[in-house]
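Produce the entire structure from the sequences given, and follow the hints as far as they go.
First residue of the sequence shown: 1, per my numbering; consecutive thereafter.
The set of hints was computed from the structure by calculation and includes no laboratory data.
Beta carbons: idealized from backbone N, C-alpha and C, even for Gly.
The reader is advised that the hints may include incorrect statements.
[Claimed, not checked] For lysine-lysine, the following PhoX-like pairs were computed, each having C-alpha atoms within a straight-line distance of at most 25 Å:
| hint | residue 1 | residue 2 |
| --- | --- | --- |
| 1 | K74 | K16 |
| 2 | K78 | K16 |
| 3 | K72 | K16 |
[What the hints assert, rightly or not] Quick list of the computed label-pair ranges, beta carbon to beta carbon:
| hint | residue 1 | residue 2 | range |
| --- | --- | --- | --- |
| 4 | I137 | S55 | 18 to 26 Å |
| 5 | T120 | S9 | 18 to 26 Å |
| 6 | V138 | M117 | 28 to 36 Å |
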Amino acid sequence: MSVLILPLSMLFMFMKHPLSMGITIIMQTIIVAITIGETMKSFWFSYIIMIIMLSGMMVLFIYMASIASNEKMKFSNKLMFMTFIMLIMSNNMVYWMELDKNWMVMSMNMLFNSITMMLTMSIVSYLFLCMMIISKIVNINEGPLRMKI
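Encoded structure:
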């Protein structure tokens, strides 16, 4: 499953439509959440990541759908061919990823041990403070960017 992360990130760079970019990010989020759930032997952290990312993507989806509602999505043959080639090449990476399973478990455990807990909590506090400041700065009376006529 985690073999698809690299082709999806390469595919994201060539996307031009905002909604297709959002779909690519949602697929990456699902893959990362499943990988974290399998690595940590508990899916609570992956559920939290999934909920946070999908709620943010829903807001972006609604915003982009209102701005680029009449824009057509174009599928290019070059992009399809490149995606197919990346999927074929990423199948060879499965062998190397199996060797690194122990390293992934160690890195996830290092994120939440007592030494780095202070850094993690300060980052969470900073993000919460930024969210509160931005919600106070935004003026509700101004409305959306695109005015409906």
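Hints, one by one, checked against the model:
no., hint, in the structure
1, K74 / K16, "holds, 9 Å"
2, K78 / K16, "holds, 13 Å"
3, K72 / K16, "holds, 11 Å"
4, I137 / S55: 18 to 26 Å, "holds, 20 Å"
5, T120 / S9: 18 to 26 Å, "holds, 25 Å"
6, V138 / M117: 28 to 36 Å, "holds, 32 Å"
Checked against the numbered hints listed earlier, the structure breaks none of them; every hint is satisfied.
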